[in-house]
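Participant: Here is how the chains run, residue by residue.
2 protein chains.
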Amino acid sequence: MDIVLAAILCGLAAVLYGIVTSRSVLGASAGSERMVEIAGAIQEGAKAYLGRQYTTIAIVGVVVAVLVFIFLGLIPAVGFVVGAVLSGVTGFIGMNISVRANVRTAQAANSSLQEGLSLAFKSGAVTGLLVAGLALLAIAGLFYTLVNVSGLAPNDRTVIDGLVALAFGASLISIFARLGGGIFTKAADVGADLVGKVEAGIPEDDPRNPAVIADNVGDNVGDCAGMAADLFETYVVTVGATMVLTALLLGVGLTGGALYALMALPLIIGGVCILTSIVGTFFVRLGKSQNIMGALYKGFIVTAVLSIPALYFATSWALGGEMSAPIGAAQQALEPALGTSAADLEQNFLAATPFTGMDLFWCMLVGLVVTGLIVWITEYYTSTEFRPVKSIAAASVTGHGTNVIQGLAISLEATALPTLVICAGIIVSYMLAGLIGIAFAATAMLALAGMIVALDAYGPVTDNAGGIAEMAELDESVRTKTDALDAVGNTTKAVTKGYAIGSAGLAALVLFGAYTEDLKFFTDQLGLEGPVNFSLSNPYVIVGLLLGALLPYVFGAFGMTAVGRAGGEVVKEVREQFRNDPGIMAGTSRPNYGRTVDLVTKAAIKEMILPSLLPVLAPIVVYFVISWIAGPQEGFAALGALLLGVIVSGLFVALSMTSGGGAWDNAKKYIEDGNHGGKGSEAHKAAVTGDTVGDPYKDTAGPAVNPMIKITNIVAILLLAALAH
Amino acid sequence: MDIVLAAILCGLAAVLYGIVTSRSVLGASAGSERMVEIAGAIQEGAKAYLGRQYTTIAIVGVVVAVLVFIFLGLIPAVGFVVGAVLSGVTGFIGMNISVRANVRTAQAANSSLQEGLSLAFKSGAVTGLLVAGLALLAIAGLFYTLVNVSGLAPNDRTVIDGLVALAFGASLISIFARLGGGIFTKAADVGADLVGKVEAGIPEDDPRNPAVIADNVGDNVGDCAGMAADLFETYVVTVGATMVLTALLLGVGLTGGALYALMALPLIIGGVCILTSIVGTFFVRLGKSQNIMGALYKGFIVTAVLSIPALYFATSWALGGEMSAPIGAAQQALEPALGTSAADLEQNFLAATPFTGMDLFWCMLVGLVVTGLIVWITEYYTSTEFRPVKSIAAASVTGHGTNVIQGLAISLEATALPTLVICAGIIVSYMLAGLIGIAFAATAMLALAGMIVALDAYGPVTDNAGGIAEMAELDESVRTKTDALDAVGNTTKAVTKGYAIGSAGLAALVLFGAYTEDLKFFTDQLGLEGPVNFSLSNPYVIVGLLLGALLPYVFGAFGMTAVGRAGGEVVKEVREQFRNDPGIMAGTSRPNYGRTVDLVTKAAIKEMILPSLLPVLAPIVVYFVISWIAGPQEGFAALGALLLGVIVSGLFVALSMTSGGGAWDNAKKYIEDGNHGGKGSEAHKAAVTGDTVGDPYKDTAGPAVNPMIKITNIVAILLLAALAH
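As you go down the protein sequences, you meet chains H and Z in turn.
Under the numbering used here, think of the first position of the first sequence as 22, with each following residue one higher.
Under the numbering used here, think of the first position of the second sequence as 22, with each following residue one higher.
Bound conformation, chain H alone (with noise of 0.2 Å):
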């Protein structure tokens, strides 16, 4: 059987798991009419929201379709658009499901820990899996449309160009949902949380407040819809760039058929790790000492297990059981053909030498030990049972500011071992196929995205359940139930993000490395003198590299403002209706929380725009500046050297807020867990000041920068192809 179909196979599983499961979800009761009611307002403001998002991305996506279709053609804007369409549609569907397996969460919580649990996860692994699910299938049909159907050569330019584009396509989608939503999600709780926790004295998620039913939304459209086009977007970038950089690096050296093979093989590792975690889902119970996060762990457990021997006879199924040959010899007869010296090849690191099946199946399994090892020190520095987060519940009794102090020295701490477990990750799968390894690596880490997604999206489902059991006035005993998972959810949503932005590292790499490529392949078009010096010692490279680290600062800087704008408003919004209608607080009539809902609404979408363009057009703007100062060749090395100050600069500012965010969410729930005096103590209000901060690090500026990343590498490639048109 041919193996790109049999990778669509396992992508078309992944669909129908979703639907079967989706039916499960949703033939659960949904409680009584006030359950219903609330989770109606709930669906009714997300839906609202998501619609005018998709609207407004719609423009930009149409806008930049045409541009994509002007200067690369026909092939990459049809790429682009199935990206981009289908990355709106994973979200779409996430988070319908989501909004329905809240109220329905509640209910099954009420019976016990362990149908409440069941409920969520099955939702989230509806989202994760159609994550994984519809980016294989977007990758896998393209190719197989194009190679197989099309007779194009598998390394052909409208290929390459087309992956690009389908690439590109998700990431610009994926920016707008993941700032958006980021943007709605933490403006409404950050308002809800100061005007509702800290002024008011209202507990979360009190129906008094106007601004509860937002921030509900926005769990939804941020933590469900935003993480699953982030996701999708990351999946696509990284199948898609692994197989354009084999093109790249040996499509000259290697036959039509062992080529197609060697691109079909990331599309297979995906293909058999969505088996491996379908098979996951099934194994998330609760043991006898009801640990939910041991729970979860034991889905990605049998995962990751399972996976071990399911990449090994893929591999060896797609490279036709030569597991010991030399695969990669062929591209040293390509180097020179491109007028690189052999002096110079002899350093490339893209002419590594040659490896063999053995040794890329072992750089997956460096992939897996790497996502294993993010997902436990994430683990470490967010869940409330180790040091990082203990500190900063004890910093909180010294008051508001040696709460922020301490957060944000863990926040900084938390980025040093996931940096040293990259690093760690680079050296030996670069040491045992170069850059190749490395591409594989990162897919491999991204192959287990059905499960990751699956933990995640886990936890806006059990949130939602326990502001609707708060709203519903269910039993205290529910809301217990849901307050357990939903502390387990912090802690797992920070794993992904740790886990999204530690394979992006990896990723960038190989984008980078597909960017220098297709400098040496364009040479001439491009009227370039010879290779482009990216070494340390040029200037310009120099001047990239700053360049690049600045841009997530701004874009940081961008999120944060937006939020700290909007939930200020959503404040004077919420302290208006208090005002105007002291029937509110007094529990006598029901405030608006439609016009709050407006309210976060437009100041999202208007606040997402500016910080979404940024990655788009900073390459280009650098490439023209330094081009028009220094010529075309330094143009390109600034660019390049702008592509990985992008990671090194992105990676910390990702890395640590979004643990610097989920160790101080956490330590303020640890302190409601009635340590150092509890909900009401000086400590609370201290731990609620640090999870207010937390939260646009966590939820919004954090994880939009992995996206960003992507899409600066991505239109550096674009720019160069279409440079070069």
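It is worth saying that the hints were derived from the structure and are not from the lab.
Be aware that one or more of the hints could be misleading.
Identical copies go unnamed one by one, so any copy, or any two together, can satisfy a pair.
[As the list claims (entries may be wrong)] Okay, derived cross-link-like pairs now, DSBU-like style, lysine-lysine, Cα gap no bigger than 30 Å in a straight line:
1. K706 with K690
2. K627 with K411
3. K690 with K593
4. K593 with K411
5. K627 with K593
6. K623 with K411
Bear in mind that the values here come from a model prediction, so they are computed numbers and not experimental data.
Based on the hints, put chain Z in the right spot on chain H.
Facilitator: Positioned in the frame of chain H, the structure of chain Z alone reads:
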């Protein structure tokens, strides 16, 4: 007259100015007995701290000096000791003036704002000119002794090693002083604020607060002694690196006399700017508008403008009047001899086209312009008059959380313009005269250090004066005047830090250039197979960049944690004093100030050791680990990339922390001026939290990144020399 001797005379002029001016400061009235008593307590605390700190540093210093002697020989060991001792002396004298000027400033402010400003500024000018003067004397003296007295060639290895070791000595002390002082000052400040302003509701500097003396001591050991050591280091490293780079790049090509002149040029640049700085100090006078910042700017602008002709004549004189003859032509003969191919040469920015004296002069102007722009940008971000500070103040109205979020957003944003200025500075000076041009731009920036430090060191004096006025219960009008002086101090302190880190951005490139040139020089001794591959396509370069970028984060985490921890201890100590003796709050019994000073001293010394050693050990560990994995060729590549990674990431960490911290501080002051409800309002409480968070940002972690960057680079250069020996 010999150029170096002339520079030495200028250095002596600075010392003379220091002696005369400090006499004039000390001659002023110290006020009432109560004031003398309070000032005495501050002096005593500062002396005790500095004594203990220097003892600790001395132990580390002796060990390192022995290591330098063993691995590099006698002259470098002497250079190291000179650098270390003079750095310590600068801090010691500066602080001694500062703790005596504080009480006299309070007394002078009793008469008029002008007299207060005059006294405080004079005290700052003593420190400023001693920093520049002693730094210049150290380098010029060492160079003169080795070249003119001992008769070594200016580019003799002994001279180069001596200069690098001198810089190392200054850097090592500086990082301890910056970090130890920074932890002391902010632990005391944060602790005093939290327990005094926030908990007990007593004003800042209330004598009932047992941490109040420690807070005032902290201003001196941190903002004065620490800052003086920092700028001393920056000066020595920048000027020294420019000389070393000149020797390495042009040493073979130029004749002895021409090389001597070019190496002496940075010294005379420093010399003439000391003279213009002295002139500038006499222009710091209030105009009719009573604008304090305007008065300080007058001095700065006079210095900067006078420096333009001074630099021209100094350059012309050093180069024998040959401003338009090409200087660097001969270097092209040098490069091929070191085994570089002609193609590489063409791309190698070290082998720039020949430059003239006029080109160098333009580069110096670039340095002055960069300085001016950074001053202006920093003022924009930290002064109460512009959008950033006002936006933080406005965000305080909605609570602690939104204040901190907005402050973080501003701190991220504040990196953008300085980065663009630095990039422009790099490009323009590189186009004028290659790497040498960047070096001279950096030298010209640092040449203004005398004036810049004067502006900065005035800050702690006024801060203390306010505290003394409060404690000695002087008339309210005195406090108003010292507060006005102090608010400007917050901006000038931020300006100095922005300037220091901005110059570090340029200096680090110079140091990286020295590292790569040294690598070429030592190719045979180090057993290298050829040029090291610093291309971004080399994964070990990526790993080096990532590890380098990690250092400022880990370092920042250490610094923040240290302040949080030590500050928390202060809170506990003060609470205990309040609890054990209710008479303290009633005002009937005196708190035990000494015990708090003692506690902070011990904490600061303990906390400074580990993070200070991080940048010393990191380059060594990275080199040996990567060499062990992939051979010395890649080890040197990763080490080189580490150096650039530190600056690429450190620049942003430092800029964001110092600007953000300054903005938070002044947002509080802005509210205290009566905006958003003024003192005591909810907005004010939120602003106090922001100020507390900003404290370790701007005074501990942020500024210490500057010496950290330099020390990493210098250790790498010394490691090369040690390995080659």
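Participant: Give the relationship of K627 and K411 under a CA distance limit of 30 Å: within one copy only, between copies only, both, or neither.
Facilitator: Answer is between: at 22 Å across copies they meet the 30 Å cutoff, but 38 Å inside does not.
Participant: Is the C-alpha distance from K623 to K411 at most 30 Å within one copy, between copies, in both cases, or in neither?
Facilitator: between (38 Å within a copy, 25 Å between copies)
Participant: Should K706 paired with K690 be assigned to within, between, both, or neither, using CA atoms and 30 Å as the limit?
Facilitator: Classified as both: same-chain Cα gap 12 Å, cross-chain 24 Å, threshold 30 Å.
Participant: If the cut is 30 Å between Cα atoms, do K690 and K593 qualify within a copy, between copies, both or neither?
Facilitator: both (27 Å within a copy, 24 Å between copies)
Participant: How do K627 and K593 come out at 30 Å by Cα distance, when the copy is not named: within, between, both, or neither?
Facilitator: Within one copy only: 18 Å inside, 47 Å across.
Participant: If the cut is 30 Å between Cα atoms, do K593 and K411 qualify within a copy, between copies, both or neither?
Facilitator: Classified as between; 18 Å across copies, 33 Å inside a copy.
Violated hints for the displayed structure: none, as all numbered hints are satisfied.
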